[in-house]
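Q: Let chain A serve as the given structure and place chain B on it in line with the hints.
Number of protein chains: 2
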Amino acid sequence: MKPIAPSDLLDNLNWRYATKGFDATRKIAPELWTTIEKATTLAPSSYGLQPWRFVVVNNPETRATLKGVSWNQPQITDASHLIVFCRKLEVTPADVDAYIEDISRTRNVPASALDGFKKMMLGSIASPASLSGGSMHEWTSRQVYIALGFFLSACANLGVDACPMEGFDASKYDQILGLTAQGYGATVVATAGYRSIADPIAAMKKVRFPLERTVKHV
Amino acid sequence: MKPIAPSDLLDNLNWRYATKGFDATRKIAPELWTTIEKATTLAPSSYGLQPWRFVVVNNPETRATLKGVSWNQPQITDASHLIVFCRKLEVTPADVDAYIEDISRTRNVPASALDGFKKMMLGSIASPASLSGGSMHEWTSRQVYIALGFFLSACANLGVDACPMEGFDASKYDQILGLTAQGYGATVVATAGYRSIADPIAAMKKVRFPLERTVKHV
Numbered sequence: 032m033k034p035i036a037p038s039d040l041l042d043n044l045n046w047r048y049a050t051k052g053f054d055a056t057r058k059i060a061p062e063l064w065t066t067i068e069k070a071t072t073l074a075p076s077s078y079g080l081q082p083w084r085f086v087v088v089n090n091p092e093t094r095a096t097l098k099g100v101s102w103n104q105p106q107i108t109d110a111s112h113l114i115v116f117c118r119k120l121e122v123t124p125a126d127v128d129a130y131i132e133d134i135s136r137t138r139n140v141p142a143s144a145l146d147g148f149k150k151m152m153l154g155s156i157a158s159p160a161s162l163s164g165g166s167m168h169e170w171t172s173r174q175v176y177i178a179l180g181f182f183l184s185a186c187a188n189l190g191v192d193a194c195p196m197e198g199f200d201a202s203k204y205d206q207i208l209g210l211t212a213q214g215y216g217a218t219v220v221a222t223a224g225y226r227s228i229a230d231p232i233a234a235m236k237k238v239r240f241p242l243e244r245t246v247k248h249v
Numbered sequence: 032m033k034p035i036a037p038s039d040l041l042d043n044l045n046w047r048y049a050t051k052g053f054d055a056t057r058k059i060a061p062e063l064w065t066t067i068e069k070a071t072t073l074a075p076s077s078y079g080l081q082p083w084r085f086v087v088v089n090n091p092e093t094r095a096t097l098k099g100v101s102w103n104q105p106q107i108t109d110a111s112h113l114i115v116f117c118r119k120l121e122v123t124p125a126d127v128d129a130y131i132e133d134i135s136r137t138r139n140v141p142a143s144a145l146d147g148f149k150k151m152m153l154g155s156i157a158s159p160a161s162l163s164g165g166s167m168h169e170w171t172s173r174q175v176y177i178a179l180g181f182f183l184s185a186c187a188n189l190g191v192d193a194c195p196m197e198g199f200d201a202s203k204y205d206q207i208l209g210l211t212a213q214g215y216g217a218t219v220v221a222t223a224g225y226r227s228i229a230d231p232i233a234a235m236k237k238v239r240f241p242l243e244r245t246v247k248h249v
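Quick mapping for you: the protein sequence lines, in order, are chains A and B.
All residue numbers for the first sequence refer to our numbering, where the first residue is 32 and numbers rise by one.
All residue numbers for the second sequence refer to our numbering, where the first residue is 32 and numbers rise by one.
So that you can see chain A by itself, here it is in the shape it has in the complex (with noise of 0.2 angstroms):
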């Protein structure tokens, strides 16, 4: 590992801006691309369990569909990539199976070695009211948001402007791009690209609170 110099990373961390206003003619590099993906998957999730899948809509027609019901949010169509989080709907006793495998077969561990965590696992998704938010839905959502923090910070660390956006009709979402009948549901929303030289925020300071009201030493 090579870790950044810590004034470097905060220098990219208040760069980076929920950019309203792409450069409709600046794309991503594939290779680029494919690194922040590869960043967002690396975010960690409860048990491991990664109970997600990332949606990236490159049809410009389907962009356009979606913008309709995304308050016509110009980003949508003019970022060059946008990607929709989805949480999976359930986390099932054969999705458990299937991690254990994984994880035998990726550390070469025999399977009867992680009873104990398998038994933890189970017993968790049996009972959705122990999970972190008190249900799956809320759970998973939750874990996709940490996809969201990685893919962000990804972004900014690389020199990628993005914007997370809530506002949007997730059901809408969930139709037109058929997530239910594939067992995931749009959750949160992002879209990558450049920064338009137009775009006034870009030049605009960023507004935090002060460090001392956020934070409390105990």
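Fair warning: there could be bad hints in the mix.
No copy is singled out in the list; a pair is fine if it fits within one copy or between any two copies.
Below, a list of computed lysine-lysine pairs in the DSS-like style, where the Cα atoms sit at most 25 angstroms apart [to be verified]:
| # | residue 1 | residue 2 |
| --- | --- | --- |
| 1 | K33 | K69 |
| 2 | K247 | K98 |
| 3 | K247 | K203 |
| 4 | K247 | K149 |
| 5 | K33 | K51 |
| 6 | K237 | K69 |
| 7 | K33 | K58 |
| 8 | K69 | K150 |
| 9 | K236 | K98 |
| 10 | K236 | K69 |
| 11 | K150 | K237 |
In short, the hints are calculated from the structure, not lab data.
Remember, predicted model here, so these are calculated numbers, not experimental data.
A: The following block gives chain B in isolation, referenced to the frame of chain A:
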């Protein structure tokens, strides 16, 4: 801004793992920890409202007490730092007013120029069912998870180990840290520090679904 080489970013994120065994003798240097705090507060949130507080627990006795309501997980006391990510219990019209004033002051624009934005925020918090997650509780929790993503990503890029944790009794944390009276609720926890050379998990290969399974292009 100073973009990182894509391969360095992926190396750093692959180096990251949910550290269970911390070296209890190693502390994160104060300036480095402050950088991590700042990086975390640079996470985006819905409208930029920052409906969160991050409580860093330094007191050893408090940490021992919290360990007892965290399934006795050793990270709680062994790690260099313990941070409790809290959501704001209610985002009120007064919060919106204060935020508008903050923007106005920071960016030197008249508050009246922000009237449309203000009305949008007031409308959102007045109808919590319209918020992401369908309630104020879940909406703010999801924002907190973005901050968790920024925190973990910052740690990885700075060469600091960390462990996100959902396995704790949130209502007990609220009591022990007196959070409810301050208007906050414990949502997710993380520990940070340096991995113990004795932690066998550190050397294990990361388990992730193949990229083609997790990311779909349409």
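Q: Take the hints in turn and mark each one as holding or not.
A: Hint check results:
1. K33 to K69: both (17 angstroms within a copy, 20 angstroms between copies)
2. K247 to K98: This pair counts as between: shortest inter-copy Cα distance 19 angstroms, intra-copy 40 angstroms.
3. K247 to K203: between (41 angstroms within a copy, 18 angstroms between copies)
4. K247 to K149: neither (37 angstroms within a copy, 28 angstroms between copies)
5. K33 to K51: between (32 angstroms within a copy, 22 angstroms between copies)
6. K237 to K69: between (28 angstroms within a copy, 13 angstroms between copies)
7. K33 to K58: between (28 angstroms within a copy, 19 angstroms between copies)
8. K69 to K150: Answer is neither: 29 angstroms inside a copy and 38 angstroms across each miss the 25 angstroms cutoff.
9. K236 to K98: For K236 and K98, neither the intra-copy (28 angstroms) nor the inter-copy (40 angstroms) Cα distance is at most 25 angstroms.
10. K236 to K69: between (31 angstroms within a copy, 16 angstroms between copies)
11. K150 to K237: Between. Shortest inter-copy distance 21 angstroms satisfies the 25 angstroms Cα cut-off; intra-copy 46 angstroms does not.
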